[in-house]
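Dock chain F against chain X, hints included.
Protein sequences appear in the order of chains X and F.
The first sequence begins at 1 in this note's numbering and counts up one residue at a time.
The second sequence begins at 1 in this note's numbering and counts up one residue at a time.
A few of these clues could be false.
The calculated lysine to aspartate or glutamate pairs, modelled on DMTMM-like cross-linking and capped at a C-alpha distance of 20 Å, are [as the list claims (entries may be wrong)]: (1) K2(X) / D99(F); (2) K16(F) / D364(X); (3) K361(X) / E73(F); (4) K78(F) / D153(F).
Far from chain F, some chain X residues (derived; all Cβ distances over 12 Å) [claimed, not checked]: (5) S51; (6) R109; (7) I111; (8) L240; (9) I307; (10) G331.
I should point out that these hints are in silico values taken from the structure, not numbers from a laboratory.
Virtual Cβ for every residue (Gly too), placed ideally from N, Cα, C.
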Amino acid sequence: MKWLDRLYAIAAKEVRQLARDRITVGLIVGIPAIQLLLFGYAINFDVRGVSTAVLDQSQTSLSRRLVGDLRATQVLGEVRQVRSEQELRELIQRGDANVGIVIAPDLERRIADGDRAALQILVDGSQPALENVAEGLGAVPLLRRAGARAPPRPVEILVAYNPGKRTAVQIVPALCGVILTMTMVIFTASAIVRERERGNLELLITTPVSVGQLMAGKLLPYVVIGLIQTTLILVLGYWLFDVPVTGSLLDLYLGALLFIAASLSLGLFLSTLAQTQFQAIQMALVMMLPSILMSGFMFPFEGMPKIAQLIAQLLPLTHFNEIIRGIVLRGARLADMGPEIAKLAAFLAVMLTLSVARFRKRLD
Amino acid sequence: MSFAITARGLARHFGKVIAVDGIDLDIPRAQIYGFLGPNGSGKSTTIRMMCGLLVPTRGTVNVLGHSVPRESEVVRRKLGYMTQRFSLWEDLTVNENLDFMCRVYGLNRALRRARIADRIAGYDLAQLVGQRAGTLSGGERQRLALAAATLHDPELLLLDEPTSAVDPQSRRDFWENLFALVARGTTILVSTHYMDEAERCHRLAILDHGRIAAEGEPKQLARDIDATVLEISCADLVAARRALATLPAVRSIAQLGHRLRVLVHRDAHAPEAELRAALAPHCPDAGVERVGASLEDVFVAATRLRNGVADGAERAA
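Isolated chain X (complex conformation) (with noise of 0.2 Å):
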């Protein structure tokens, strides 16, 4: 019992401070959300709405659903019909139009020949972005075309493969953990080397509580602050980006919760070996980085060197990026990544190990 009362009370006393902490709060609902929605919105692969100038020299109907299909599509915004090449081309130079599509006169024969093309397309190759969104566009529903004289609506092959919508699909998850990595170990790391700079650790060290209450009074809070935050990714990125949970929600969690143990022990380990505050944070910026670069968010995991992969294994984040991508986006369930969990749950018992070794109730 007393045992138990220690603990809560260390963790009461941490939540307590940290309600108190204005800042920090805020640092715990801001950083999901706006990471969110900066790699929502801003990392997109996506194009939408670029302006258009059509230049139909063929004037039939059969032209006239073409351009109607292509700004089905949403890629192409505002479309202006020009009547000449030379006004598609002044367009394009000052920019008032990013994509010229220039249908051939004998749009029909060339499309029942099928040798020669029959839709141009130029594009403002200042912006390579635009390029392959251009090539796309026009690829595709020609070759549809060329094949069926009764002309399928490629309209709906194009909303089926929706590059936008992937692009969210697979960030919110991994970004689930790169936030979780972010905040729980500089969190924590912080949390217990504050209490070293301001001397309150001095004198909790002189008192009967041990090293395990201490410690686990210390990571409980956070444990839950975890689960918050995990909770507002996973519901902003349903909100805004439509990103279903295909899997088991308690698998997802359980998964999580797990991840969070994980960076909680390497924020604890971090705050063994940092004396001040601004040592812990440049400390667990130093295993960020990697983080972020090489588990496989920002770069598919397989294109990277041998070296890199290694390392990768070491991080937490490639191993919970492989989970939740697993349960949220393929249905997977958390009992058939018996590797994955393996791994992270030897980091938390290595990481753990090593901070109670290191922490001792003592100064030198």
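Just chain F now, kept in the frame of chain X:
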């Protein structure tokens, strides 16, 4: 007599720096024992070794019958410690700090209530209960820290320079509180660099460069001082000081208002005559009078006089 703390050959090195250099101590129970010494004399290091925060490089400490650091955990239940810095939580209120410390010491609800109410009344904290510790004045913080350190009724209180950030009136009140604790049987070890505080202690050890330079009751220390204390009065104190500084027997000169206080080697023969002779060419009117030693004289004699370098520096000045 059983001692609250005994130390034998206690030493602590930090790399090449020797903070505590083999000290022996016997600190009696239910008394106030003082550590008097300049900064860096090893006071804090010794106290930290006693509460198990630092492991001795050499020697042994026994606190309340337990060997430290081996039995630190047992000792910690019976010990209250006030760190040099205010180390309660500044973002918690007075009441929250006290409540937290009660829980840390494992007091049950009834005991918590009783003790907190008692300390709030006893240490004049009633007005400050809901105030955050960070907003308290130096004297208020110190009362809170003492209240927190005594919540579990410790047998032994270790106070590391408790009054360094406190005004004189608060200092007086603080010492009244300490004597009240001693009356109830608590042993108190207090470190300080204030002479007036040292004079209040039942017993005292003067620490210098990690060694005990003198030990005993303050009165006894003044009686046993290893020097003769003389006071000089004359018109030109600057000239008098210059004249005296050249005498080999003179170990220390300090000005006190219109007088010079001079420490002379104890074995110097007829020091009054020697000083008068030296002063005659510069200050024919000089008065030389032998006076009783104060604790400050004891401190100077015990610390500075041992040190040849400081002695030379004094002479050059």
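We went through each hint and held it up to the structure:
no., hint, verdict
1, K2(X) / D99(F), "holds, 15 Å"
2, K16(F) / D364(X), "holds, 15 Å"
3, K361(X) / E73(F), "holds, 10 Å"
4, K78(F) / D153(F), "holds, 8 Å"
5, S51, "holds, 55 Å"
6, R109, "holds, 81 Å"
7, I111, "holds, 75 Å"
8, L240, "holds, 35 Å"
9, I307, "holds, 38 Å"
10, G331, "holds, 45 Å"
The earlier numbered hints are all upheld by this structure, with none contradicted.
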